[in-house]
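**Student:** If you want the building blocks of each chain, they are given just below.
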Amino acid sequence: MNGDHDARLRALSAARRRVAVALTAVVMVIYFGFIGLIAWDKPLLGTLVAPGLSLGILLGALVIVACWATTWVYVRWANGRYDPELERLRQER
Amino acid sequence: MATSLVAKLFFFLFLSVTLAITWWAARRTRTADHFYSAGRSITAGQNGWALAGDFMSAASFLGIAGLVATTGFDGLIYSAGWLVGWPVVLFLIAEPLRNLGKYTFADVVAVRMRQVPVRIAAAFGTLATVTLYLIAQMVGAGGLIKLLFGLTYEAAVVVVGLAMVAYVLFGGMLATTWVQIVKAVLLLGGAALLALLVLLRFDMNPAALFAAAAEQYGAAVLAPGKLVSKPLDAVSLGIALMFGTAGLPHILMRFYTVPDARAARQSVFWATGLIGAFYLLTFVLGFGAMVLVTPEVIKSVDAGGNMAAPLLAELLGGTPFLGFIGAVAFATILAVVAGLTLSGAAALSHDLWVNVVKHGHADAHEQLRVARAATVCLGVIAILLGIAFKGQNVAFMVSLAFAIAASGNFPALVLSIFWRRATTAGVVAAMATGTLATLVLIYLSPTVQVDVLHREDAWFPLKYPALVTVPLGFLTGIVVSLLTPSAAEAEAFAALERRASLGGGGGSEVLGGRASAAPQARPGRPPREAAGL
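Residue numbers (this note's numbering), protein chains in the order written: chain A, 1 to 93; chain B, 94 to 626.
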């Protein structure tokens, strides 16, 4: 096992960690932002953006959409970038 | 509600199909590996459905629909909250867990630590989570089935207990997985059909439905109300939901059923999509029940509002559809308790018996025998607890289970996977403190003191403890680790990182004596625990 191989594996696993932590932070900001608005600015969320559709309901649905979007971004990155590099490292071993 | 022959018919159909699956799976469950992880033979798509099945409980189907129907927007706060844990599971936990562990999350925490203390602490955390979750499900099942089928409470609890033990005892993880898949398909299909029938009355436009609700009950139903009167309570519950999912033993266990980390990743992607879709449907079901059934009628049948979705089904599709939705709710409970029982049995047999009592020296036959004995024990305990808690207010127990998972299990997992300097004493302290502090604070909180014990006031102001206990779990783990530095455990971190990305095989050898994923099922292989102790 050579040092270069180890260093590349460490770099790859550090890259995964950076992506993972960044995306976790995004989800946290979105969700706790939503909870924060519910807790501290209730009237704002009652504003209607369209007939029958309050900002609160819209944002609630968007939290769910944001969960889908962030998981999609991660899976795309992991399948497209992370896995091929990991496969290369595996083959070289 | 006229529940009927149709409900019983659908329910017996579900029971027959799932028992046939169990019979099929039983013939394929010969080793501990099959029993705990279905021989790693589940595909990513199947596991995604099964994860959704494990997670979408009757509480989320009946409870959230009822909450939205009776409070409007406030109920939706839960719909969004239950999903946010899943991205966290995907980003931080799923892949390393799959590569580092074997059957339980304790496998992962124990990889470079001393086996005995870590296993005991993790089993304690697992059993606390599983037991609380089981009580909530059993009590819910007893009440629900009484309403839907006219069975007595005790009989309902016994039926649920026997069916779940049958699935797990004979069919192991393979049967449990397929029960989850069948249930998830039924639940999502039933909810989608119900939502479609609602929307057909509003020109397929959800906004028209919300507008109708606002017209009948005032614009306030579309805005946050009094449910979240204390901001910190909302944040605290949010923390438990967000990080608790990533610490639920029965969810984590599912990642061992797929062949590799890539499949684990894809399966969370599937699960997030399915669960998110389900919670979006609860928007329509809840407001649909509010407008069409009306909160007064819903509360007159069940004060907790749990019958909103079944009543909506009866209104839109008559008795047959009510019967179908009732059977789906029953199936939902059965599938969730089966998953819980399996993960509790794994903690008892794999963590406590095999790795603590027998120090890893247990052959394949003994492992399977002990796992099955543990399943029967848990089944009996679940039935007894279900009957003991009859009529008690146990709604808080699910959020308590999430709080324990978030405060004990999750910090231990994150610290051991991502932090080089984490030590045995550190992760054990994190699990013990997180779990105990959660139990103590919930006891002192208004949730138990005011709602259950009917006292005037509570010593701890928050209804949910996670805001305090999650940071406390992490802090304890970090401080104790720094106070008990271990060169050997820090050194093994490089090997852990390798295996977390590359998976088993070569990686596991490097970890030497500490490797918990030593394939003990293979006979003739020397036990490797000694070096680590």
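These are computed hints drawn from the structure, not numbers from a lab. Possibly wrong hints are sitting among the right ones.
In silico lysine-lysine, DSS-like type, Cα no more than 30 angstroms apart, as pairs [stated by the list, open to error]:
{"id": "1", "chain 1": "A", "residue 1": "Lys42", "chain 2": "B", "residue 2": "Lys392"}
{"id": "2", "chain 1": "B", "residue 1": "Lys319", "chain 2": "A", "residue 2": "Lys42"}
{"id": "3", "chain 1": "B", "residue 1": "Lys483", "chain 2": "B", "residue 2": "Lys101"}
{"id": "4", "chain 1": "A", "residue 1": "Lys42", "chain 2": "B", "residue 2": "Lys323"}
{"id": "5", "chain 1": "B", "residue 1": "Lys392", "chain 2": "B", "residue 2": "Lys483"}
{"id": "6", "chain 1": "B", "residue 1": "Lys239", "chain 2": "B", "residue 2": "Lys483"}
**Student:** Now, for every hint given, state plainly whether the structure supports it.
**Tutor:** Results of checking the hints against the structure:
1. With a C-alpha separation of about 26 angstroms, the suggested pair A:Lys42 and B:Lys392 falls inside the 30 angstroms cut-off, and the hint holds.
2. With a C-alpha separation of about 10 angstroms, the suggested pair B:Lys319 and A:Lys42 falls inside the 30 angstroms cut-off, and the hint holds.
3. Our distance criterion of 30 angstroms between C-alpha atoms is met by B:Lys483 and B:Lys101, whose separation comes to about 23 angstroms.
4. Of the supplied pair hints, the one linking A:Lys42 and B:Lys323 holds, its CA atoms being roughly 12 angstroms apart against a limit of 30 angstroms.
5. Restraint check for B:Lys392 and B:Lys483: the C-alpha separation of about 20 angstroms stays at or below 30 angstroms, so the hint holds.
6. With a C-alpha separation of about 12 angstroms, the suggested pair B:Lys239 and B:Lys483 falls inside the 30 angstroms cut-off, and the hint holds.
No hint from the list above goes unmet by this structure.
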